[in-house]
Structures are given as structure tokens and as C-alpha cells.
Amino acid sequence: MSAYTDEDPRIHAIKTQIRVVPNFPKPGIMFQDITTLLLDPKAFKDTIDLFVERYKGKNISVVAGIEARGFIFGPPIALAIGAKFVPLRKPRKLPGEVIFEEYTLEYGKDRLEMHVGAVEPGERALVVDDLIATGGTLCAAMNLLERVGAEVVECACVIELPDLQGRQRLNGKPLYVLVEYH
Amino acid sequence: MFAAENGLRGDPRLQAISEAIRVVPHFPKQGIMFQDITTLLLNHKAFKDTVDIFVDRYRDMGISVVAGVEARGFMFGPSIALAIGAKFVPLRKPRKLPGKVISEAYELEYGADCLEMHVGAVQPGERALVIDDLVATGGTLSAAIRLLERVGAEVVECACVIGLPEVKGQHKLNGKPLYVLVEPREIDDCY
Numbered sequence: 001m002s003a004y005t006d007e008d009p010r011i012h013a014i015k016t017q018i019r020v021v022p023n024f025p026k027p028g029i030m031f032q033d034i035t036t037l038l039l040d041p042k043a044f045k046d047t048i049d050l051f052v053e054r055y056k057g058k059n060i061s062v063v064a065g066i067e068a069r070g071f072i073f074g075p076p077i078a079l080a081i082g083a084k085f086v087p088l089r090k091p092r093k094l095p096g097e098v099i100f101e102e103y104t105l106e107y108g109k110d111r112l113e114m115h116v117g118a119v120e121p122g123e124r125a126l127v128v129d130d131l132i133a134t135g136g137t138l139c140a141a142m143n144l145l146e147r148v149g150a151e152v153v154e155c156a157c158v159i160e161l162p163d164l165q166g167r168q169r170l171n172g173k174p175l176y177v178l179v180e181y182h
Numbered sequence: 001m002f003a004a005e006n007g008l009r010g011d012p013r014l015q016a017i018s019e020a021i022r023v024v025p026h027f028p029k030q031g032i033m034f035q036d037i038t039t040l041l042l043n044h045k046a047f048k049d050t051v052d053i054f055v056d057r058y059r060d061m062g063i064s065v066v067a068g069v070e071a072r073g074f075m076f077g078p079s080i081a082l083a084i085g086a087k088f089v090p091l092r093k094p095r096k097l098p099g100k101v102i103s104e105a106y107e108l109e110y111g112a113d114c115l116e117m118h119v120g121a122v123q124p125g126e127r128a129l130v131i132d133d134l135v136a137t138g139g140t141l142s143a144a145i146r147l148l149e150r151v152g153a154e155v156v157e158c159a160c161v162i163g164l165p166e167v168k169g170q171h172k173l174n175g176k177p178l179y180v181l182v183e184p185r186e187i188d189d190c191y
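Taken in sequence, the protein lines are chains Z and L.
Heads up, the first sequence stops at 182 in UniProt numbering, and the numbers go up one at a time, no gaps.
Heads up, the second sequence stops at 191 in UniProt numbering, and the numbers go up one at a time, no gaps.
The following block holds chain L by itself, in its conformation from the complex:
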């Protein structure tokens, strides 16, 4: 669900967050309008507001785990974890995490990829949040949910800054609630 439909309608912070995100056409390939959050990170107030909105939502939900998807989930997740007193668990591409890991495959447009999590990072019964910058098809987030559920955690919600049209109208991903701050913007001139 979008933040504007869930208590934050008209919140001026959402407009500023949306406008701080840059759209880069034809990246990484023709036809893709890439939603670039790095410009949001350059705007201290908008970046802080982004984190604050998530923190305000999650601070009293008994969440002990914030799992962030590599790499842009690392830019938002730790600040949220620190503010709500949760641990931060990085979910990484293959062979980045040292020691014992569990692995979950997911589909790409062409081919497949894998997400890994450390064995022992999350205990059964822990309440977890999954965070990434953007949700498109939901494939990566679904893999993240499966990893956490395999170790017995309860995924309370998936949170993203941006939600693509595929998820509009969907309140759930794999049966898990999805919370998104803004929709992707178009740009004025395409070429």
C-alpha cells in the first residue's frame, strides 16, 4: 500500500521525497526509466524524512530485525534499524558473506540470481522488516521473505521507497504487507 493511502495523504514530505528522486531514461537498457535514489541521498532533509517516515511506522511494532537487500537496501535499512533498536541483517549477492549462509534463488527477466543470508543472524520467532529502495516485480523481495521465513522469522512488512506500477493496488507480496512511499515519476522530456 502507498503511504498516501495509509495516513500520510497530503504529507508534504512525500512530495519532496518524490521530487528528489531522479529519473534516468534508458538505464540499464533501452526502455527502462531508472528511478535513481542517489539524488534523494544528496538532499539531507528529504533523506532524513524518508527514514523518519519508516521509523515512525515501525518503532512500536516489536520488530527486532531489519533485513536490507544489497546494495541500495543498505543505504536505508541501517538507519531504520538503529532508530528502532533492531539489528541489521544484510541480504547479499552470492559469495559476499563469509562463513555459513543460506541461499534463495529468484528469477530475473533473463535467467536467475541468488540472495544469501548468514546462518544464525536471525532467530526463530523474530519479527522482521525487509527493506529495499524499490519494488518492481517483487521477485527479489519474495526471495528475501523466503529466506527469513526459512529460519522461522515472521516477516511483518516489506518497505520500499518507490513502488512500480506492477505493485499498485497490491497490498501484499507473497501474503506479506507491502508499504511504499512514492510512485515512480515520469520525466518531462524523453529522448
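One chain only, chain Z, in its complex shape:
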């Protein structure tokens, strides 16, 4: 589901603040640039508030954010709902013991890492990123959390690209987004 379809009055400003940059990082890709949203304090605050309103009081103790733009939205949400923030990172960034999950890219593979011990079995978790495209990264994130026994309550993104059908890759886990870009 998305707040977009519910027509919350804050959504329009959020959507218009997101800049589309054509042909980045390569020809044919219309890049959804959220940095312009971050330049508008009210729209940025509204973005966070929309997520906080949805997740506060739901006994969520973990907000996992995907490097790097998930690090921009995740911590403010975590702080507001009383949860811990867990960064999910590219390889070799996290010190100490980690577990990793591989996922496929258009060409080749990548992996996402999480600290051992950051999340306890039974914890209720949210996964946050700026955007869902094919869903590959979010899927890897969910797998990491479930492998340590957490319950992924929902995936939350600012933007969805519905044409790439990422929603269907989430193994039935709910996805909540604020705006869609077709």
C-alpha cells in the first residue's frame, strides 16, 4: 500500500521535491534523487512523520537501514519510535563479526552485511531504504534479519518503481511507500 493512494496532503510536496535525473548512473535510467527532498526541511520532516505515525506504538524494536540512503531516513524513524538503528552495509565496512547475504545485480553479485548480535531473536523489525526497484536489496535485507530470528514487520521506502515489480519479490512481506514513479 502507499500513502500516495491515500492522498495524504503532505504527499504532494514530497513527490515534487524529488528530482529525476535522466541517464544516471547510465543511459536509460531515470534516477530518483532524494537529496532535493532533504533540502526542504518541511518536506523531509513530513516524510519522516508519515513513517513514524505508521510505526509508533507497534512494538518495533529494530529499524534496519540499507547503505547509504537508508542511513538518512532510518535513524530519525528509529529515534522517534524508540527503536535501535541497525545499518546494513556493503562488504568490509562493518568491523567485527558479521553475517552476509548475497544478492544479484544486473551484471554480477553484491552482498549486504549485518553485525552479529545487533538483532535478537524475536525482535520486530522494519527495513528502510529510499527506493525499491527490483527488490533484490530489500530481499537480502529481510533474509539477514530473518536468519537471526527477527520478524520483519514491513519494508518501508520513500519511492517505489512499480513497473519493476519489486513488491512481488518480498516473499509476501508488506511494503509501504510514500510515492510511486511510473
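Some chain Z residues flagged as far from chain L (calculated, every beta-carbon gap over 12 Å):
#1 F100
#2 R111
#3 R167
#4 L170
With a cut-off of at most 25 Å between alpha-carbon atoms, the simulated SDA-like pairs for lysine to any residue come out as follows:
#5 Z/K90 to L/E70
#6 L/K100 to L/E154
#7 Z/K15 to L/G120
#8 L/K96 to Z/L161
#9 L/K93 to Z/D40
#10 Z/K45 to L/R127
#11 Z/K45 to L/K48
#12 L/K93 to Z/G96
#13 L/K48 to L/R185
#14 Z/K45 to L/V156
#15 Z/K58 to L/A46
#16 Z/K15 to L/A83
#17 Z/K90 to L/N43
#18 Z/K109 to Z/P162
#19 Z/K90 to L/V101
#20 L/K93 to Z/P27
Think of the hints as simulated: they come from the structure by calculation, not from any bench.
Ideal Cβ positions, reconstructed from N, Cα and C, are used throughout, including at glycine.
Starting from the known structure of chain Z, arrange chain L on it as the hints suggest.
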């Protein structure tokens, strides 16, 4: 300058923040005692206190820009920006920001790296804060200051959670004030 020397001496929040930071020996290589702030982020109260201390310091300084250094600066900067009503500007590694950027090189122990900022993100005359998790040599923060000054902003202060011994006793970085919450901890057993 350290927070304890600047109005927060004996503040129990600082002790808890310091203790919430994990030291990982020999990462990313032998001899480095890595100050891992991820354990601070797992402690909601300590994380919130960290942000609150910065917010209390900066909320009435007329700051309209919080610039955070990728990637750990992204974990602290946005919450501060939101609380003080400033915009958040990510300073990123090369080729991550789409569209037009300006670039500033800085030295590493071996070689060099670059920090980029979007053209148009910051206007001349804006008052800015630079935030990162830790300051060691100050090379990255200096590059961040140069980026902001090149577009005509005034860097009011650089703020970090942790300050390594190289900066102890230095109140300024490139002539800009530096504000740090805690020193790095040792760990009890090294191996």
C-alpha cells in the same frame, strides 16, 4: 574542543555515550583500534542523547545547513537537521551523487580520495555545520569545509561524536571550531 570542557563536564550522558561505543582492535588493519559507533546506535537512549546534545548546542545558532560526511555522518546528521529546521546535505564519495557536483580532493595515509557535493544545494551566506562520527587527522573534515566555503557558505562548526588524540587540544580545524563529545576508549585486553 571537547564537550566536557565546554559546559558538559560531569554530564552523565557523555559517560553513557562513551561506554556505548565499541572498540574493535586491528580494524581495518593491524594497529588500528577502531571506534565502532554502531553499538551506540543500538542503545536508543544513548543515541538519542547524542543527537540531543548536538541539537541543544546548535538550535539557536541560525544554522540552515547540516552537511554530513558519507556514510556514518548520514547516521547523525539528518536527525540534527530535522530538529533544528535545517536542510541536510550529503557529502559523498565520487560518482554517487547524480547531476552536477563539485569535488574536493583530500589525502589518505596512502593516496587520495574525493568528496563531492551537489551544485546548488547550499547558497552563499548560509551558515553550515559539518558532521561526522569521528575526527582523526581532520583530512576529510577539511575537505568538507573547503566544499562549503567554495560555494560561499560559512562553516560555523565541525561536530563529531569522537575525537582522536591528534585533535585533542586543538579547538580549530582549518580555523573552524571543532566540537567533539568523547575521546576514544581503550579496551581492557588487547591481543
